[in-house]
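Q: Sequence:
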Amino acid sequence: MTTDISVMIPNWNGGEVLRECLVSILRHTRGVAFEVIVVDNGSTDDSPQIIRQLALSEDRIRPIFNRENLYFARACNQAYEVSSGRYVIVSNNDIVVRDNAVKALADYADDHPEVGVVTPRFCDRTGTPQEFFRRLPNALFVIAHYHRLGRAFDRFLLGRRIQNSYFLRDRKFDQVE
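Be aware that the sequence shown starts at -4, since it is given in the working numbering, and climbs by one per residue.
Everything labelled a hint here was simulated from the structure, so no lab data went into it.
These numbers were taken from a predicted model, which means no experiment stands behind them.
Ideal Cβ positions, reconstructed from N, Cα and C, are used throughout, including at glycine.
It is possible that part of the hints are untrue.
[To be verified] Have a look at the derived ranges for each label pair, beta carbon to beta carbon: (1) Gly37 to Gly145: 40 to 48 Å; (2) Leu153 to Leu21: 41 to 49 Å; (3) Arg93 to Gly145: 33 to 41 Å; (4) Gln44 to Arg22: 31 to 39 Å; (5) His23 to Arg47: 19 to 27 Å; (6) His140 to Phe168: 17 to 25 Å; (7) Asp54 to Val83: 39 to 47 Å; (8) His142 to Arg93: 36 to 44 Å; (9) Arg120 to Gly145: 31 to 39 Å.
Hey, can you work out the whole structure from these sequences and the hints?
A: Quick look at the structure:
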């Protein structure tokens, strides 16, 4: 059986947050072959025990244990080297998956081969969407964001149009585009 998705999760002292993340992936991912590669960066909390315990009961969890913190990017590279999925998801250890989101991402990528990156909509625990999208900054934004007169100009004369454009507040993210 081929693996459709490799979920890569760097971890350092994630503890119970990591457990919640892993359990949510296992519970809320259906209809797609996946693996979860957890790279522990020398955690000193109970993360290694949590990872071992879950990996013993679930063969889709593939642990890697580092002796020291190699940080996010190097841990992702380690996971990528051993991944076998057609698609790769890079995840923080505090993400909670809901509503078969992993399969939805894969389905969208399958249906749109012209797309290079697919991202889900992130919400906090109350369901409020998180603002993490950004346009590439231009000189106008830099002035309107970092300079006192620029901020005042954008706020009072333009109604925050420059800031809102940068943060993509002029776009709707409640549907797939």
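Q: Which of the numbered hints are not met once you compare them with the structure shown?
A: The structure breaks hints 4, 7; every other hint is satisfied.
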